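Chemist: Using the sequences and the hints given, assemble the complete structure.
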Amino acid sequence: MTESSLTMSVKPNVWQGGFSPFRISWGKLMMWYFLVGDSFSFGAFLITYGALRFSYESWPLPTEVFKSFPFLENVEVPLGFVSFMTFTLIMSSVTMVLAVHYGNAERNRYKVAKWLAWTIVGGLIFLSSQAWEWTHLITHGMTMKHNPFGAPAFGWLFFTITGFHGFHVFTGVIINIIILINVLRGVYDRRGSYEMVEKVGLYWHFVDLVWVFVFMAFYLL
Amino acid sequence: MAHEMQTAVSSPVTDHVHFQTVEGEIREPEHIPHHKENFVTKYIFSQDHKTIGKQFLFTGMFWAFVGGLLSLIFRLQLGYPGQSFPILETLFGKWAAGGIITPEFYYKLVTMHGTLLVFFVLTAGLSGTFANLLIPLQCGARDMASPFLNMLSYWFFFAASVVMLISFFIPDGAADGGWTFYPPLNGLREASIGSRAGADYWLIGMALFIISSLLGGLNYITTVLNLRTKGMSMNRLPLTVWALLITAILGLISFPVLLGAAILVLFDRNLGTSFFLDEIFIGGRHLDQMGGNAILYQHLFWFLGHPEVYIIILPAFGLVSEIIANNARKPIFGYRAMVLSMLAIAILAFVVWAHHMFVTGLNPFVASVFVFLTLLVAVPSAVKVFNWLATLWQGNIRFTPAMLFAIGFVSLFISGGLTGIFLGNSALDIPLHDTYFVVAHFHIVMGVSAFFGMVAGVYHWFPKMFGRYMNHTLGYVHFWITLVGAYLVFWPMHYMGLIGLPRRVWSLDAYQNFSMYGDMNRFMTDAAMLVFFAQILFILNFVYSIFWGRKVTVKNPWQSNSLEWTTEIVPGHGNWKGPIPTVYRWPYDYSKNGDDFIPQTEPYRPGEEKLHH
Ligand code: HEM
Ligand SMILES: [Cu+2]
Numbered sequence: 034m035t036e037s038s039l040t041m042s043v044k045p046n047v048w049q050g051g052f053s054p055f056r057i058s059w060g061k062l063m064m065w066y067f068l069v070g071d072s073f074s075f076g077a078f079l080i081t082y083g084a085l086r087f088s089y090e091s092w093p094l095p096t097e098v099f100k101s102f103p104f105l106e107n108v109e110v111p112l113g114f115v116s117f118m119t120f121t122l123i124m125s126s127v128t129m130v131l132a133v134h135y136g137n138a139e140r141n142r143y144k145v146a147k148w149l150a151w152t153i154v155g156g157l158i159f160l161s162s163q164a165w166e167w168t169h170l171i172t173h174g175m176t177m178k179h180n181p182f183g184a185p186a187f188g189w190l191f192f193t194i195t196g197f198h199g200f201h202v203f204t205g206v207i208i209n210i211i212i213l214i215n216v217l218r219g220v221y222d223r224r225g226s227y228e229m230v231e232k233v234g235l236y237w238h239f240v241d242l243v244w245v246f247v248f249m250a251f252y253l254l
Numbered sequence: 354m355a356h357e358m359q360t361a362v363s364s365p366v367t368d369h370v371h372f373q374t375v376e377g378e379i380r381e382p383e384h385i386p387h388h389k390e391n392f393v394t395k396y397i398f399s400q401d402h403k404t405i406g407k408q409f410l411f412t413g414m415f416w417a418f419v420g421g422l423l424s425l426i427f428r429l430q431l432g433y434p435g436q437s438f439p440i441l442e443t444l445f446g447k448w449a450a451g452g453i454i455t456p457e458f459y460y461k462l463v464t465m466h467g468t469l470l471v472f473f474v475l476t477a478g479l480s481g482t483f484a485n486l487l488i489p490l491q492c493g494a495r496d497m498a499s500p501f502l503n504m505l506s507y508w509f510f511f512a513a514s515v516v517m518l519i520s521f522f523i524p525d526g527a528a529d530g531g532w533t534f535y536p537p538l539n540g541l542r543e544a545s546i547g548s549r550a551g552a553d554y555w556l557i558g559m560a561l562f563i564i565s566s567l568l569g570g571l572n573y574i575t576t577v578l579n580l581r582t583k584g585m586s587m588n589r590l591p592l593t594v595w596a597l598l599i600t601a602i603l604g605l606i607s608f609p610v611l612l613g614a615a616i617l618v619l620f621d622r623n624l625g626t627s628f629f630l631d632e633i634f635i636g637g638r639h640l641d642q643m644g645g646n647a648i649l650y651q652h653l654f655w656f657l658g659h660p661e662v663y664i665i666i667l668p669a670f671g672l673v674s675e676i677i678a679n680n681a682r683k684p685i686f687g688y689r690a691m692v693l694s695m696l697a698i699a700i701l702a703f704v705v706w707a708h709h710m711f712v713t714g715l716n717p718f719v720a721s722v723f724v725f726l727t728l729l730v731a732v733p734s735a736v737k738v739f740n741w742l743a744t745l746w747q748g749n750i751r752f753t754p755a756m757l758f759a760i761g762f763v764s765l766f767i768s769g770g771l772t773g774i775f776l777g778n779s780a781l782d783i784p785l786h787d788t789y790f791v792v793a794h795f796h797i798v799m800g801v802s803a804f805f806g807m808v809a810g811v812y813h814w815f816p817k818m819f820g821r822y823m824n825h826t827l828g829y830v831h832f833w834i835t836l837v838g839a840y841l842v843f844w845p846m847h848y849m850g851l852i853g854l855p856r857r858v859w860s861l862d863a864y865q866n867f868s869m870y871g872d873m874n875r876f877m878t879d880a881a882m883l884v885f886f887a888q889i890l891f892i893l894n895f896v897y898s899i900f901w902g903r904k905v906t907v908k909n910p911w912q913s914n915s916l917e918w919t920t921e922i923v924p925g926h927g928n929w930k931g932p933i934p935t936v937y938r939w940p941y942d943y944s945k946n947g948d949d950f951i952p953q954t955e956p957y958r959p960g961e962e963k964l965h966h
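These protein sequence lines are chains A and B, in that order. Take any residue in the first sequence, count from 1 to its spot, add 33: that is its number in my numbering. Take any residue in the second sequence, count from 1 to its spot, add 353: that is its number in my numbering.
Check before you lean on any hint, since a few could be wrong.
[To be verified] Covered stretches of chain B, as calculated for chain A (at least 3 residues, CB under 8 Å):
#1 572-578
#2 582-589
#3 603-613
#4 623-633
#5 844-857
Hints listed in this document are in silico derivations from the structure and should not be mistaken for laboratory results. Every value quoted in this text rests on a predicted model; they were computed, and no experiment measured them. Positions of the beta carbon are idealized from the N, C-alpha and C atoms, including for glycine.
Modeler: Written out as structure tokens, the structure is:
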């Protein structure tokens with residue numbers, strides 16, 4: 034590439050063509066738009082939740098349903114475990130921010146790998162916690178059809194929506210692992226950009242953000 | 354090595370198709386890497402947008418043929434009730450015992466006809482073909498932003514097609530609960546024969562279809578936004594590109610909602626949940642599945658469903674605008690109004706869905722809000738119609754087959770749009786809902802119109818796709834039979850609907866009142882056969898012309914201004930041999946200052962006035 038082609042004479046308007054109007058690559062743009070679309074499928078689920086929830090006269094009390102903690106047999110900690118899960122997920126977003134930062138600002142392969150690995154650990158902890166919680170509820174009789182705590186709708190909505198979210202976390206972890214391998218192999222050093230880490234970072238933060246709404250729906254309201 | 358790389362912070366982010374810096378400027382490498390291609394990468398797992406466009410077109414045409422054939426079979430039943438056609442028994446066995454199709458089979462036919470035509474032909478076949486072919490070529494890009502995802506988009510569509518096709522051949526047959534797939538009919542395995550395995554196939558096929566359409570749409574949007582060539586500002590984009598961009602945005606926002614709804618129906622059917630089920634008796638037995646809400650499904654469905662009808666019609670708007678301006682040899686009238694009206698339609702498309710639900714017990718006050726918003730759609734629609742007519746007005750018109758179909762489109766869109774205004778009034782809709790009036794409305798305004806837009810596009814861009822022309826004489830025959838025939842089929846349906854003839858009924862013998870329409874129904878069936886026959890002419894013309902059509906010898910056979918005609922006659926991967934051209938003007942400088950046309954790549958001459966800013 035010649036030096037002269039590096040300077041565009043005038044840039045009166047970023048919409049003139051030959052230019053990315055938002056100053057981001059198509060890849061990142063595509064990720065943003067994907068997230069817009071994905072938020073609408075979550076939207077469909079959460080609206081379903083809302084519509085059913087408010088057509089019921091009585092609804093299970095979250096503090097009654099979610100009060101167990103692994104390894105603590107006879108203690109009741111209402112919403113204790115889910116607070117731990119939420120905390121883990123939010124922390125994994127923080128570690129993701131660090132991974133993206135060290136990729137963009139320093140291109141430091143080892144630091145990126147380190148923080149990405151922590152993010153994966155966070156995701157795995159979240160997923161195993163969810164697995165424990167599901168198993169616990171199922172053994173206490175809450176299924177897609179029945180719910181000993183009250184309205185059966187609570188059960189099927191809970192499993193469907195947290196399941197859909199868990200599926201997102203799961204794919205996020207898989208993608209993060211692939212990216213981690215690429216980081217370690219130096220793919221992004223050779224490419225001269227760690228943008229890939231940033232893109233999966235966007236996805237990860239989105240999955241986190243959605244959890245806040247899912248959490249609100251089932252555990253707080 | 355890694356340490357040296359770390360210092361080059363501002364070096365460009367690259368991939369093999371487009372070279373783009375972090376700051377947003379798009380640059381190309383000196384040498385575009387050329388991959389050796391073999392048969393498989395060139396024609397099957399191709400990443401070239403033009404080939405992918407053709408794949409969508411071929412698959413879409415296949416489904417159009419199948420879907421059209423299905424409608425002929427059920428039209429036979431409507432036109433000739435009680436009459437035996439032994440050939441049907443030969444072909445379909447128990448589904449047409451005694452040569453008369455069974456009610457179950459009738460519902461399968463109607464359901465699959467709707468599904469295939471709405472989604473597989475007029476969504477994937479139309480957007481998939483023309484977004485792929487035209488977006489990179491008319492924006493001035495080497496390919497889509499992500500050729501790989503673009504290829505996946507086609508193969509998901511292919512997989513969806515395979516699933517739908519298989520569903521015809523399973524023992525209980527395909528789904529039969531209507532293209533809108535309302536529960537509880539479709540939410541319970543026991544509800545009907547088609548609600549057994551067929552409905553699961555339908556849902557899985559649709560889920561794959563939605564993934565395909567999202568992968569495609571993401572590419573279309575990012576390509577238009579990020580990869581326009583120098584000088585191709587948004588207000589110099591051909592209206593086709595605008596239309597396809599807005600279509601993709603509509604799809605991105607609405608299809609995920611249908612995906613959600615489809616998953617929930619799958620769960621109701623297979624996991625025992627009751628999202629959409631409540632208080633149902635089957636054979637006197639009260640079902641355990643309780644506590645859901647069937648109307649909720651309709652809200653989710655129509656939140657997609659209404660934007661979907663615009664996903665179908667907007668690409669046709671774009672193609673028709675382009676073809677009309679080109680063949681009237683006149684600048685498109687009201688370019689900006691055309692863009693703004695499409696945006697207005699797109700926004701309104703998300704706030705009118707409940708006009709499909711006026712008789713579901715919707716609160717009358719809420720209904721009145723939806724009436725108001727629905728009738729607002731008439732304003733931008735009328736703006737578009739007037740602009741097309743004004744573009745045609747005193748034009749130096751070349752009546753190519755593409756142009757005829759484009760003009761036919763305008764006629765159909767007006768006819769069908771007018772009946773929309775009837776239906777949009779909730780009070781009028783109460784008697785009209787679920788009658789043949791609705792069938793007439795949406796076939797004319799959407800089905801036949803969008804089909805006309807698509808066919809016009811095929812005639813017009815055929816030279817770009819295959820380097821040959823289609824036969825024009827056959828094209829004229831095709832046009833006149835289709836236009837007249839389509840009106841003959843669908844116009845009488847309005848009157849039948851007005852006196853209350855219900856849609857989705859296997860035999861009208863059950864209603865004394867409607868026997869007076871027996872002759873009319875027979876006539877419509879005959880007209881439908883004629884129209885179908887004309888489409889076979891089209892397919893023959895299409896296939897023949899690919900191999901033996903008259904060869905295109907000039908780069909710009911239609912004397913058009915837009916960029917796709919600056920490439921080689923049949924462009925290779927990468928589209929332009931040399932550098933991508935720069936754009937200096939809008940694409941509608943026709944008949945200006947004594948010039949018949951001035952391509953977008955020509956700089957303004959000294960003193961030349963701008964027709965458009
Ligand atoms: C002036 C503009 C329009 C208005 C006011 C309008 C209004 C309506 C209304 C109220 C219905 C529901 C009728 C019922 O089921 O009782 C309807 C049905 C329908 N409309 Fe339109 N419409 C308009 C334009 C269009 C356009 C442009 C398209 C497609 C390109 C379209 C496609 C459909 C379809 C597919 C249905 C029937 C769906 C079904 O029940 O199977 N309409 N329209
Ligand atoms: Cu509608």
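Chemist: Honestly, which of those hints from before does the structure not fit?
Modeler: 5
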